[in-house]
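As a plain string of letters, each chain reads:
Number of protein chains: 2
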Amino acid sequence: MPQNKQILLDNRPEGEAVASNFKLVVSDTPALRDGQVLVRHHFLSLDPYMRGRMNDAKSYAVPQAVGETMGGGTVGEVVESNNAKFAVGDKVVGMGGWQQYSVVDADLPGALRKVDTTHIPLSAYLGAVGMPGVTAWYGLVKIIEPKAGETMVVSAATGAVGSAFAALSKARGCRTVGIAGGPDKCKYAVDELGFDACIDYKLHQDAASLSKALKEACPNGIDGHFENVGGMVLDAVLSRMNAFGRIAVCGMIAGYNGAPLPITYPALILISRLKLQGFIVTEHLEVWPEALKELGTLVATGKLKPRESIAIGLEAAPEAFLGLLKGRNFGKQLVKLS
Amino acid sequence: MPQNKQILLDNRPEGEAVASNFKLVVSDTPALRDGQVLVRHHFLSLDPYMRGRMNDAKSYAVPQAVGETMGGGTVGEVVESNNAKFAVGDKVVGMGGWQQYSVVDADLPGALRKVDTTHIPLSAYLGAVGMPGVTAWYGLVKIIEPKAGETMVVSAATGAVGSAFAALSKARGCRTVGIAGGPDKCKYAVDELGFDACIDYKLHQDAASLSKALKEACPNGIDGHFENVGGMVLDAVLSRMNAFGRIAVCGMIAGYNGAPLPITYPALILISRLKLQGFIVTEHLEVWPEALKELGTLVATGKLKPRESIAIGLEAAPEAFLGLLKGRNFGKQLVKLS
Chain A
1 MPQNKQILLD NRPEGEAVAS NFKLVVSDTP ALRDGQVLVR HHFLSLDPYM
51 RGRMNDAKSY AVPQAVGETM GGGTVGEVVE SNNAKFAVGD KVVGMGGWQQ
101 YSVVDADLPG ALRKVDTTHI PLSAYLGAVG MPGVTAWYGL VKIIEPKAGE
151 TMVVSAATGA VGSAFAALSK ARGCRTVGIA GGPDKCKYAV DELGFDACID
201 YKLHQDAASL SKALKEACPN GIDGHFENVG GMVLDAVLSR MNAFGRIAVC
251 GMIAGYNGAP LPITYPALIL ISRLKLQGFI VTEHLEVWPE ALKELGTLVA
301 TGKLKPRESI AIGLEAAPEA FLGLLKGRNF GKQLVKLS
Chain B
1 MPQNKQILLD NRPEGEAVAS NFKLVVSDTP ALRDGQVLVR HHFLSLDPYM
51 RGRMNDAKSY AVPQAVGETM GGGTVGEVVE SNNAKFAVGD KVVGMGGWQQ
101 YSVVDADLPG ALRKVDTTHI PLSAYLGAVG MPGVTAWYGL VKIIEPKAGE
151 TMVVSAATGA VGSAFAALSK ARGCRTVGIA GGPDKCKYAV DELGFDACID
201 YKLHQDAASL SKALKEACPN GIDGHFENVG GMVLDAVLSR MNAFGRIAVC
251 GMIAGYNGAP LPITYPALIL ISRLKLQGFI VTEHLEVWPE ALKELGTLVA
301 TGKLKPRESI AIGLEAAPEA FLGLLKGRNF GKQLVKLS
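Line by line, the protein sequences are chains A and B. Counted from 1, the first sequence has number 3 at position 3 by this note's numbering; the numbering is strictly sequential. Counted from 1, the second sequence has number 86 at position 86 by this note's numbering; the numbering is strictly sequential.
Wrong hints could be hidden among the right ones.
In this list, chains with the same sequence are indistinguishable; a pair is considered to hold if it fits within one copy or across any two.
To be verified - Taking lysine to any residue and the SDA-like style, the derived pairs with C-alpha atoms no more than 25 Å apart in a straight line are:
hint	residue 1	residue 2
1	K142	V26
2	K187	K305
3	K142	K305
4	K293	S209
5	K336	R172
6	K202	A57
7	K23	E145
8	K170	G67
Just so you know, these hints were derived from the structure itself, not from any lab.
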């Protein structure tokens with residue numbers, strides 16, 4: 001059996017997550033039992049939700065156990081199979097975690113899914129045609145319910161969710177405005193991802209300043225917003241929401257370190273008759289087939305060209321993850337494992 | 001024509017509203033034109049939303065104009081009629097404002113509605129069988145969508161909205177918990193209004209303390225919440241919401257004076273996958289007939305016995321209104337005008 005490098009959660013963060021929260025170990029992959037397959041991972045996905053799971057706090061997910069391999073989405077290929085439904089060489093997507101190989105009980109529903117890489121690159125199944133893409137789809141289609149001609153805003157615009165959101169929103173005839181950090185990301189959002197405008201939040205010290213920029217970029221106000229960040233961005237967007245606006249709350253990345261990030265003027269929820277709704281896309285598996293079909297078509301036809309930020313080798317995962325939490329990635333953050 | 005005492009908005013509040021923002025004047029009622037009726041008001045309704053209209057700020061309603069009669073709901077009787085649909089002696093409900101008489105263009109849709117006082121007292125049409133009742137109905141039925149066995153919480157529990165909410169929630173088989181200020185109100189909520197429990201927020205200095213009390217009163221967590229207040233109460237309730245909980249945002253009474261009342265941990269919206277939705281009941285006229293029918297039946301059959309707090313004479317309206325904003329009223333605040 002091959003040797004398997006793994007990264008464990010060694011201890012929980014106190015405040016900001018740091019590299020020493022993680023620990024690299026090497027172990028042998030166990031022999032396969034009936035129904036199991038051995039998957040060699042090509043890519044590991046790094047996502048902001050992982051930070052939430054590192055805390056031992058009430059959250060939507062069971063906390064990541066200390067001393068165990070960090071969880072995470074992976075794509076790879078079957079290298080050994082004790083399961084009639086999977087053959088060696090099959091390309092698969094699953095939740096293999098921060099390691100080079102995983103042993104999967106492939107009969108468990110949702111544990112492993114074969115994917116077609118004819119028109120869609122394997123890595124896209126961790127981004128645009130995977131959980132981040134479906135996340136954008138669910139927030140836009142099921143919570144925001146956009147109408148053609150409305151104005152949509154998304155924060156973390158050049159990330160995996162934001163870029164999918166833009167393609168989906170434009171396909172529905174909406175003015176689509178991004179918020180991102182830095183001029184390069186903003187230029188990329190407009191030039192490559194199809195955003196009508198993109199605001200560099202780093203140019204703004206407070207919500208009032210960002211709100212002014214939003215007013216320029218959204219002359220008709222904001223009807224739908226996909227919130228990935230929280231804090232100042234959400235405050236600024238709230239101040240520009242039109243009556244009956246809808247906000248899909250997907251992330252509060254800025255708050256994971258424990259610092260409270262209040263909504264400063266919640267009275268706007270009433271004044272503008274807004275709907276704010278939080279969701280976790282893995283609780284809505286019923287929409288995945290429809291969402292993945294649309295997202296796959298957008299990627300295969302070149303209408304959604306998500307950018308990837310690829311760290312090389314499992315050892316690079318912790319630093320890449322910490323950079324993601326600080327917005328240092330540019331596009332979907334992946335780790336290449338083989 | 002009879003003389004008509006009126007209370008105008010004389011100037012806008014700076015911070016807290018004060019009695020000198022208002023001005024009493026006396027004028028003659030004008031002669032009726034075609035289609036108009038003259039209504040002598042029996043009761044004026046005082047409601048928290050009026051405070052919002054006193055500001056010249058972006059809000060859901062056009063601001064109350066300075067120098068004009070304060071707007072407000074009224075019930076009374078027709079004392080003169082130039083309209084074939086209304087006869088002298090008809091009992092009517094309308095938006096007559098802070099004055100003894102109003103001249104109404106009775107053909108305008110929604111301007112004046114005849115009501116039946118056989119089984120329902122006239123004043124109830126300003127409370128349980130009027131806008132406050134429909135407000136409770138809309139928030140509960142259309143936003144919260146309760147299921148039997150769930151737990152519902154309402155702040156300002158003994159007010160017109162809160163008492164209607166309790167009757168409607170109990171009728172749907174929900175555990176119903178109130179939040180009110182002081183032991184008398186809490187006892188009344190449980191003994192007379194049918195609440196299963198009522199928490200005295202004045203016993204709690206902060207959201208953490210109130211949250212503990214909510215845990216005791218809501219052993220299965222909170223599934224639906226009707227927010228009339230904001231601030232500490234909303235923070236405490238958010239901390240006890242179950243996954244997929246729904247919050248109808250109807251009032252932010254504590255915030256009207258301009259002091260920001262943030263939501264301290266909006267990440268809970270995501271963590272607990274909550275829906276928060278603001279609404280204004282006058283924008284949903286399509287539900288009024290259904291809502292008023294249920295509310296009228298609850299009152300006529302004694303299942304909803306709303307308490308009223310009645311100030312005597314138009315001159316008493318400003319102080320009664322300022323008291324309402326501070327929670328000094330006990331039940332639906334009315335002013336008896338004749």
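Going through the hints against the structure:
1. Neither within a single protomer nor between protomers do K142 and V26 lie at most 25 Å apart by alpha-carbon distance, with minima of 43 Å and 55 Å respectively.
2. Proximity of K187 and K305 under a CA criterion of 25 Å is satisfied intra-copy only: 15 Å inside one chain copy versus 63 Å between copies.
3. Proximity of K142 to K305 under the C-alpha cut-off of 25 Å is restricted to the intra-copy arrangement: shortest distance 23 Å within a copy versus 40 Å between copies.
4. Within a single copy, K293 and S209 get their C-alpha atoms no closer than 39 Å, and across copies no closer than 49 Å, so neither meets the 25 Å cut-off.
5. With identical chains, the CA atoms of K336 and R172 are never at most 25 Å apart, being 34 Å at best within one copy and 55 Å at best between copies.
6. Taking CA atoms no more than 25 Å apart as the test, K202 paired with A57 passes in neither setting, with 30 Å inside one copy and 29 Å between copies.
7. In the homo-oligomer, the alpha carbons of K23 and E145 never lie at most 25 Å apart, since the shortest distance is 43 Å inside one protomer and 47 Å across protomers.
8. In this assembly of identical chains, K170 and G67 lie within 25 Å of each other by CA distance neither inside one copy nor across copies; the values are 44 Å within and 48 Å between.
When the structure is compared with the earlier hints, violations turn up for hints 1, 4, 5, 6, 7, 8 and for no others.
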